[in-house]
Amino acid sequence: MRFFLVFFIPLGLVYAQENLSALLDSYKHESELSKITKQEEAGVLDIYTHHDLEVMQAKTFQDILRILPGFHLKRTPNNLTSLQKPTTPAIQLTSVRLYINDHDMSSSSFGSAFLIWGELPIEYIDHIEIYKGASSIEFGNETASIIIKMYTKTPQRVEGGKIRFYGDNYGSKNADAYFASTSNELSYFAYANINNIQRKKYYNIYNNENYTLKSNQSGHNLYANLQYKKWILELGSYYKKSDDFLGIGINRTPEGGDLNAHHNYIHLSKKFSNKIKLQLSYDNASYDRTYIDPNGIHIANGPIINNYNIDFNDEIFSIILEKKIKSKKHSFLLGSFYKKKNFSENGLFSDNQATYSYASNYSNSLNLYSVYAEYSYDYDIHTRLIASLKEDFFRYEKTIPSDNELAAKIGVIKRINNFQIKAFVTDSYVPIAFYQLYNPDNIPYKTNPNLKNMHLLVGTFSLKYTKNKHSVKLIAAKSRLKDIVVYNRSLSYGYTNSSEHVDFTRFEVDYTYLFDLNNKFTFDTFYGNNSKNVISSPEYGSIVQLFSKYKKFDIYNELVYKSPYKYLALSVGQSFNYTASLKYHYSKDFSLGLRGENIFNSAYKQIYHKMQYAIPVTDQKIWFNLEYLF
Amino acid sequence: MKKLLFFLLLAPLLLASDIKTEQKIYTLIIHSLLPQKKEIKVWCDDKAKKELIDSIPKVRYILNPENADFLLLSKNQKIQTKGVKFVTNLKLLEAGKDSVVGGFFWQKGRPNILFLKKNLQKHHIKLPKSMQEYIEEDI
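These protein sequence lines are chains A and B, in that order.
For the first sequence, the residue numbers in the numbering used here are 137 to 766.
For the second sequence, the residue numbers in the numbering used here are 133 to 271.
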């Protein structure tokens, strides 16, 4: 017996000693909020967990968009963040919707959140889910084929505070602070950010004059979340000021000009015990842009000008009511929303010779009603069938005729041993935004009453195989975009619907190997094309990520590859954007980090009209990071 | 020696991969706090935790807190009984630091376990060496 104990008991002790700490680490991973919030029925899903974001030392929304499989991160000529599908110059902005928790961040003017929120600091975000081939019905809001859901940190998990500071070798500075507290009835989470991001300058020589292309940005972000019983009140306020980069001048010769944008919102939601959810919200957003170009800016129906100022102001009132009904095999989501969107546009346009000056303004509003239903049926424990339907009713205050639109989706999720199959077909539309109806370049502003929503048919198929520590996912997506809204300067209204449709095809292979909870390897590769065989961006892309933990160090490696492409008589070679970060946990509460971006100085370059060279979307930078929990 | 045997017997259970981690943690906590009990009577004030308690070996969920050996508290720590009180959030631990022996809760974005020395002593509890690092003088 003694021999038995001498031999075996120390093993038990060793296990117990190591165990509680390991169990806590395991519990932390097992309790990731993304496991609770993700909706497999909503589409093909990419998740960036709380742990992923921490190890990556992710700073802004751009750090995620840059590694989103199937897309290229784009910097627009006027310094906004956007996406490109492979081969396309840009994605239709209104086809992507960003939510922070349940709140739709889109503005009325643009029907997109990217113009204001594209560079959002994400320290207050717990995790991010990106649904492709979605219809948005599951999220009870306006239609989109790509849904980005950001979930904020929760008071129950945070229970304490954090301060974070980071800066880079260009002199950028960013500070984040948050604090959360809970009690039996009242809990809150409050967050504040201030940032000043400096970016590499580029130059354009025109008529022997050297013009500086700046893209710096500064601003702040405030967010608060109060929970009382089952009521949740959220308050958000984001402000940014940014340079114009290339601007909109004919020869890309900006001389000053900037963007001042803000978005404030309040969102109240309540889950009642009878599975009814009520949401009320109010948004107020402003987008005030000035372009100055001594060598001319085109406007429609006017002369060449030099000074262009435009100010969009939005208000959105929203009420959403939903009820879930669930039985053993059947699940229903029944919902309805009403949105009142107010929009106003004020412009001031002049030339440097004081021969032309014009002020233009317009306003309109939209009453948007929607009813929707989703039904899912569990045929057996391995098979789920999904069908959803949504009817939207557009009623404008003036000038634009009323319109109704239908969106529908059917899908199946099937598990066969280690395989998971997902297939969705979505027949939907891409709504037009106010700025397209009232083309801001068309002076004086005129409504285009003939402009229609774009229509989209998407089929998405994914096959996932998981065994032990390996996971492989194959994705194929085919979409047809009809009534495409294109800009044609020669037309009276500028924006018009194209009579031709375009088909897009995308293939994606994702592989993940989980060494253990803290060590993970991922590889994603994708290919895309369009039926017009027009190449405006790379056809291929790959992303490699390696998440590692060694003693007190978190180590992250990321490589983003894009294939070569030609566009506008310029050629761009293949690109390798290598990012590496190292975080040292001095104690449980204090950590220091370094993050290098575009380390090889070979990141994806974008070709711009009237520019003699391509410009990298990501700067070569070294970031220094400090974090303290209290 | 009994404690060592207890860990030896408990280890295979804790290693079973199909058991949720939260259950493993509570199994370790409850049996470490009350190692001498053949069957531990547990009461909790949050019905959502009943399933968790029922899944812990050699533990029985009871309806009357007066008879409980171990009380898992999520709402109110003021209950007066002879049992060992353990809480699931930081605020309850702070409020009940004169009587609560410890807590398993989220703080600073991570899960934490903490035992209060003076309250362990009141109950004559000596935790195994492996868990000593989670004992604090005060909160």
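Be careful, since some hints might not be right.
What the hints assert, rightly or not - Below, a sample of chain A positions facing chain B; criterion: calculated Cβ distance under 7 Å:
| # | residue |
| --- | --- |
| 1 | Lys164 |
| 2 | Glu168 |
| 3 | Arg293 |
| 4 | Ile299 |
| 5 | Phe315 |
| 6 | Ser319 |
| 7 | Leu322 |
| 8 | Ser323 |
Stated by the list, open to error - Calculated lysine to aspartate or glutamate pairs in the EDC-like style (CA-CA distance at most 20 Å, straight line):
| # | chain 1 | residue 1 | chain 2 | residue 2 |
| --- | --- | --- | --- | --- |
| 9 | A | Lys164 | B | Glu154 |
| 10 | B | Lys152 | A | Glu166 |
| 11 | B | Lys207 | A | Asp161 |
| 12 | A | Lys465 | A | Asp516 |
| 13 | A | Lys724 | B | Glu268 |
| 14 | B | Lys240 | B | Asp230 |
| 15 | B | Lys210 | A | Glu168 |
| 16 | B | Lys181 | A | Asp619 |
| 17 | B | Lys240 | A | Asp188 |
| 18 | A | Lys757 | A | Glu190 |
| 19 | A | Lys688 | B | Glu154 |
| 20 | B | Lys210 | B | Glu265 |
| 21 | A | Lys550 | A | Glu176 |
| 22 | B | Lys152 | A | Glu168 |
| 23 | A | Lys724 | B | Glu269 |
| 24 | B | Lys254 | B | Glu269 |
| 25 | B | Lys240 | A | Asp725 |
| 26 | A | Lys366 | B | Asp178 |
| 27 | A | Lys724 | B | Glu265 |
| 28 | B | Lys223 | A | Glu321 |
| 29 | B | Lys240 | A | Asp639 |
| 30 | A | Lys365 | B | Asp178 |
| 31 | B | Lys181 | A | Glu391 |
| 32 | A | Lys618 | A | Asp652 |
| 33 | B | Lys152 | A | Asp161 |
| 34 | A | Lys687 | B | Asp177 |
| 35 | A | Lys365 | B | Glu154 |
| 36 | B | Lys240 | A | Asp652 |
| 37 | B | Lys152 | A | Asp652 |
| 38 | A | Lys164 | A | Asp652 |
Everything labelled a hint here was simulated from the structure, so no lab data went into it.
Just so it is clear, CB atoms sit at the ideal spot from N, CA and C, and this is done for glycine as well.
Now the hints, each set against the structure:
Interface restraint check for Lys164 (chain A): the shortest CB-CB distance to chain B comes to about 6 Å, inside 7 Å, so the restraint holds. The interface hint given for Glu168 (chain A) is broken, as the beta carbon of that residue sits about 12 Å from the closest beta carbon of chain B, more than 7 Å. Because the beta carbon of Arg293 (chain A) sits about 5 Å from the nearest beta carbon in chain B, less than 7 Å, this interface hint is met. At about 12 Å, the closest approach between the beta carbon of Ile299 (chain A) and any beta carbon in chain B exceeds 7 Å, and the interface hint on this residue is violated.
Taking 7 Å as the C-beta contact cut-off toward chain B, the hint placing Phe315 (chain A) at the interface is violated, the least distance being around 11 Å. Checking Ser319 (chain A) against chain B by beta carbon gives a least distance of about 6 Å; that is within 7 Å, so the hint holds. Given the 7 Å rule on beta carbons, the hint for Leu322 (chain A) is violated: about 11 Å separates it from the nearest Cβ of chain B. A hinted interface residue such as Ser323 (chain A) counts as satisfied when its beta carbon comes closer than 7 Å to some beta carbon of chain B; here the least separation is about 10 Å, so the hint is violated.
Using a Cα cut-off of 20 Å, the hinted pair Lys164 (chain A) and Glu154 (chain B) holds, with the two alpha carbons roughly 10 Å apart. For the given pair, Lys152 (chain B) sits about 9 Å from Glu166 (chain A) by alpha-carbon distance, which is consistent with the 20 Å threshold. Between Lys207 (chain B) and Asp161 (chain A) the CA atoms are separated by roughly 25 Å; this puts the pair beyond 20 Å, and the hint is violated. Restraint check for Lys465 (chain A) and Asp516 (chain A): the C-alpha separation of about 8 Å stays at or below 20 Å, so the hint holds.
Note on Lys724 (chain A) and Glu268 (chain B): the hinted pairing holds, with a Cα-Cα distance of about 16 Å set against a maximum of 20 Å. The suggested pairing of Lys240 (chain B) with Asp230 (chain B) is violated, with an alpha-carbon distance near 23 Å, which exceeds 20 Å. Between Lys210 (chain B) and Glu168 (chain A), the direct Cα distance comes to roughly 31 Å. Violation of the 20 Å bound is thereby established for this hinted pair. The hinted pair formed by Lys181 (chain B) and Asp619 (chain A) fails the criterion: a straight-line CA distance of about 55 Å is larger than 20 Å.
Using a Cα cut-off of 20 Å, the hinted pair Lys240 (chain B) and Asp188 (chain A) holds, with the two alpha carbons roughly 17 Å apart. Taking the CA atoms of Lys757 (chain A) and Glu190 (chain A), the gap is about 19 Å. The hint holds against a cut of 20 Å. At roughly 25 Å between alpha-carbon atoms, Lys688 (chain A) and Glu154 (chain B) are farther apart than 20 Å, so this suggested pair is violated. At most 20 Å may separate the alpha-carbon atoms for a hinted pair to count; Lys210 (chain B) and Glu265 (chain B) exceed this at roughly 27 Å.
Under the criterion of a C-alpha separation no larger than 20 Å, the hint pairing Lys550 (chain A) with Glu176 (chain A) is consistent with the structure, at around 11 Å. Among the hinted pairs, Lys152 (chain B) with Glu168 (chain A) is consistent with the structure: their alpha-carbon atoms are about 14 Å apart, no more than 20 Å. At most 20 Å may separate the alpha-carbon atoms for a hinted pair to count; Lys724 (chain A) and Glu269 (chain B) meet this at roughly 19 Å. With a C-alpha separation of about 13 Å, the suggested pair Lys254 (chain B) and Glu269 (chain B) falls inside the 20 Å cut-off, and the hint holds.
Using a Cα cut-off of 20 Å, the hinted pair Lys240 (chain B) and Asp725 (chain A) holds, with the two alpha carbons roughly 8 Å apart. A hinted pair counts as satisfied when its Cα atoms are at most 20 Å apart, and Lys366 (chain A) with Asp178 (chain B) qualifies at roughly 17 Å. Only pairs whose Cα atoms come within 20 Å are accepted, and Lys724 (chain A) paired with Glu265 (chain B) is accepted, the gap being roughly 14 Å. For the suggested pair Lys223 (chain B) and Glu321 (chain A), the alpha carbons sit about 12 Å apart, so the restraint of at most 20 Å is met.
This hinted pair does not check out: Lys240 (chain B) and Asp639 (chain A) have alpha carbons roughly 48 Å apart, beyond 20 Å. For the proposed pair Lys365 (chain A) and Asp178 (chain B), the alpha carbon gap of about 15 Å is at most 20 Å, so the pair holds. For the hint linking Lys181 (chain B) to Glu391 (chain A), the alpha-carbon distance of about 64 Å lies beyond 20 Å, and the restraint is violated. Among the hinted pairs, Lys618 (chain A) with Asp652 (chain A) is inconsistent with the structure: their alpha-carbon atoms are about 46 Å apart, more than 20 Å.
About 13 Å separates the Cα atoms of Lys152 (chain B) and Asp161 (chain A), which keeps this hinted pair within 20 Å; it holds. At roughly 39 Å between alpha-carbon atoms, Lys687 (chain A) and Asp177 (chain B) are farther apart than 20 Å, so this suggested pair is violated. A C-alpha spacing of about 25 Å is found between Lys365 (chain A) and Glu154 (chain B), which places the hinted pair above 20 Å, so the restraint is violated. Distance check on the hinted pair: Lys240 (chain B) and Asp652 (chain A) sit about 23 Å apart at the alpha-carbon level, beyond 20 Å; violated.
A threshold of 20 Å between alpha carbons decides the hint, and for Lys152 (chain B) with Asp652 (chain A) the separation of about 17 Å falls inside it, so the pair holds. Pair hint Lys164 (chain A) plus Asp652 (chain A) holds up; C-alpha atoms about 13 Å apart against a cutoff of 20 Å.
The earlier numbered hints that this structure contradicts are 2, 4, 5, 7, 8, 11, 14, 15, 16, 19, 20, 29, 31, 32, 34, 35 and 36.
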